[in-house]
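All chains should be built: construct the whole structure from the sequences, respecting the hints.
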Amino acid sequence: MKTENLSSFDMPAADMDPALFFETAASRLGAGGRTLAYFAVPEGPEHRLVMAIGFDREGRVEVYSCRAAGPSFRALTPSFPQLHLFEREIFEQSGLKPEGHPWLKPIRFNTPGAVPGVADFFTVHGSQVHEVAVGPVHAGVIEPGHFRFQCHGEKVFHLEIMLGYQHRGVERRLSAGPDARSLHYAETLAGDTTAGHVWAYCSALEALAGVNVPPRAQVLRGIMLELERLANHTGDLGALAGDVAFLPTANFCGRLRGDFLNMTALVCGNRFGRNMFRPGGVNFDLDFALIKELRLRLQDTFRGVENAVGLLWETGSVADRFEDTGVVSRETAEGLGLVGPAARASGVPLDTRRNFPYGPYEDFTVSVSGSGDVYSRAYVRWLEIQKSAELVAGWLDALPEGPLAADCGPLRPDSAAVALTEGWRGQICHFALTGPDGRLRHYKVVDPSFHNWQGLAMALRGGEISDFPLCNKSFNLSYCGRDL
Amino acid sequence: MIKALLARLKQGYRTMDFPAADLRLPPRGLGRPELSGRLEKAAAACPYSAITAGADPVLDLGKCVFCGACAAADPAGVSFTRDHRLCSSRREDLAVKGSVLKRADALGTELRGIFGRSFRLRQVSAGGCNACEADCNVLGTPAWDMGRFGIQFVASPRHADGILVTGPVTKNMELALRKTYDAVSSPKVVIACGACAIGGGPYAGHDECVGIPKDIPVDLYIPGCPPHPMTILDGLLRLLGRID
Chain A
1293 MKTENLSSFD MPAADMDPAL FFETAASRLG AGGRTLAYFA VPEGPEHRLV
1343 MAIGFDREGR VEVYSCRAAG PSFRALTPSF PQLHLFEREI FEQSGLKPEG
1393 HPWLKPIRFN TPGAVPGVAD FFTVHGSQVH EVAVGPVHAG VIEPGHFRFQ
1443 CHGEKVFHLE IMLGYQHRGV ERRLSAGPDA RSLHYAETLA GDTTAGHVWA
1493 YCSALEALAG VNVPPRAQVL RGIMLELERL ANHTGDLGAL AGDVAFLPTA
1543 NFCGRLRGDF LNMTALVCGN RFGRNMFRPG GVNFDLDFAL IKELRLRLQD
1593 TFRGVENAVG LLWETGSVAD RFEDTGVVSR ETAEGLGLVG PAARASGVPL
1643 DTRRNFPYGP YEDFTVSVSG SGDVYSRAYV RWLEIQKSAE LVAGWLDALP
1693 EGPLAADCGP LRPDSAAVAL TEGWRGQICH FALTGPDGRL RHYKVVDPSF
1743 HNWQGLAMAL RGGEISDFPL CNKSFNLSYC GRDL
Chain B
13 MIKALLARLK QGYRTMDFPA ADLRLPPRGL GRPELSGRLE KAAAACPYSA
63 ITAGADPVLD LGKCVFCGAC AAADPAGVSF TRDHRLCSSR REDLAVKGSV
113 LKRADALGTE LRGIFGRSFR LRQVSAGGCN ACEADCNVLG TPAWDMGRFG
163 IQFVASPRHA DGILVTGPVT KNMELALRKT YDAVSSPKVV IACGACAIGG
213 GPYAGHDECV GIPKDIPVDL YIPGCPPHPM TILDGLLRLL GRID
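From first to last, the protein sequence lines are chains A and B. Sequential numbering from 1293 applies to the first sequence in my numbering. Sequential numbering from 13 applies to the second sequence in my numbering.
If you are wondering where the hints come from, they were derived from the structure by calculation, not from laboratory data. Note that the coordinates shown come from a computational prediction; the quantities given were computed from them, not determined experimentally. Don't be surprised by glycine CBs; every beta carbon is placed ideally from N, CA and C.
Okay, the calculated beta carbon distance ranges per label pair:
1. B:Lys226 <-> A:Val1421: 37 to 45 Å
2. A:Gly1432 <-> B:Pro39: 32 to 40 Å
3. B:Arg170 <-> A:Pro1404: 30 to 38 Å
4. A:Glu1585 <-> B:Leu18: 23 to 31 Å
5. B:Arg94 <-> A:Arg1570: 16 to 24 Å
6. B:Leu21 <-> A:His1430: 35 to 43 Å
7. B:Gly162 <-> A:Glu1423: 37 to 45 Å
Covered stretches of chain B, as calculated for chain A (at least 3 residues, CB under 8 Å):
8. 34-41
9. 75-84
Take a look at the structure:
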């Protein structure tokens, strides 16, 4: 059935006959649809499969659902690789087996007897082929994950990424809400994407409660989300510079990233934007003095970033390492359903702020770069930094008057809502379903990293293992957002 | 080259004085809480049971995620100051009574002799949200320049004097944490950084999380969700006896 971003609908209306479900899903994905979410919901002793498909050009969302008949179902991964991790997740969470899935194995190792990292790996055979295993604890102050490379000398034939170490059961607890902790769960789905995730969470609840968020709150939310993007993109460009040993930009951006975080803290007290959002609106306002201070800091910090990042494009040694490294073609990006800067750097013009507008975003123009390499992923970030700075400056100049929040009342029973936002890593999808009592019956979170980790694996294919840190940083994906 | 030098000139010298008398959390920041009254309403508002109400109420910073729900429910009872100095040496010292918090002690003379001027840490991320990691990373930027105090994060536990743990320690990271701890040579220091590492944080009570194993003794607790970089650096310097 057809719906749209941020509107609630009756869940039973999405129900279909199982055979028709798979046929429809395949035909809609074949017609250019992109999977937003695909998951199983417990229904008594059985399960219900639910798929949300987005049509980016039209800004349309379609939701299909069917009762899972029997212990297995038809895998669509062989035709649509973008589903591979979703089907593995369904298998791990519900036990329903996707028949015909080419590489069915655990993704979070949270079932009885599962040992993290212990599973079959793709292997390549040959007298001079060797395997390199890295992690879960790997160099740097970074989240845990296991990476297995199949190499011939320096050349990488294949990289397999095995995660699950960050699995802390947060999605399951969200499904039992809403309660006093729910907002904190949403804020910490990925701690560096607090605004992106908590906005999606609040939007899902607001859609189910039928609440209109006041314009001032919408714009304040926009400011928080764009500051988050500015901080992270700036940090990433610095880290990319660091990975090619270009220390000036690495050092400058480290400081400048902090300046953006400190602007966020000026608004809500916390550098990561905690405590700002609540269903219905926001908790903190900006007065004249604070607006003036933020405007000054924004201008100053943006100039600093312009100066620091400008060096990257003018330095031959940087271009030499960035260009043609870790190429992901547009075809691969679309096939895997990549989102965010990683997709836009491969020429895919997808941005939730454009394709599924929400909150204060109107007539947003997407920043796209086409070469699909590390350079492109860096350059897209710079384009987006400029855009975000412009948005925040504009909003600070023309903050709508009015209240900070509307009352968010009870949720509509037996309903569902899809909430899409554009976090700095890409599209975030939250799918909320309510039961007959108006409480949540299931809550599904899809972090952009869930789509994009396979993009990193593909970027390494045929490349050199020494380029891994650089490629990894150019995606800078979330482990905790994927592991939940 | 000339452009890099000009940029360096433009970016300026940015390293802050630390510790400095005027360092405070931002005006809306939540630092060391001060308590008064019986705190029944505040205790009821806390989703993590961090507050014990009564004649001598207690707020356990080890459980607190600094969401401010208590202060919103009982503004006269709980007020958060902008004081960032929150670290303690013992778990029980994190219990704030009135306006009193027992801050971290320095390591003993012998350990200070070994680690005092060169302290290398292996960070172990074990199930959190990556915000604590981000605020540890930031200590390496020029603004904080932790290296000037002789403190550094290193890649190998074999090169480390201790571990700094973040996250609630998921079941899936328990073994990796233990192996990393074992790989550090003795004597070694363990630091629990952030609400998750201390008491589970937002994930307290989840079956998926086990916490830092009891037989791995913690030498420094750094509360916060995530702790502000100021709080982390203050704790590390207290541990090394560089701040009294």
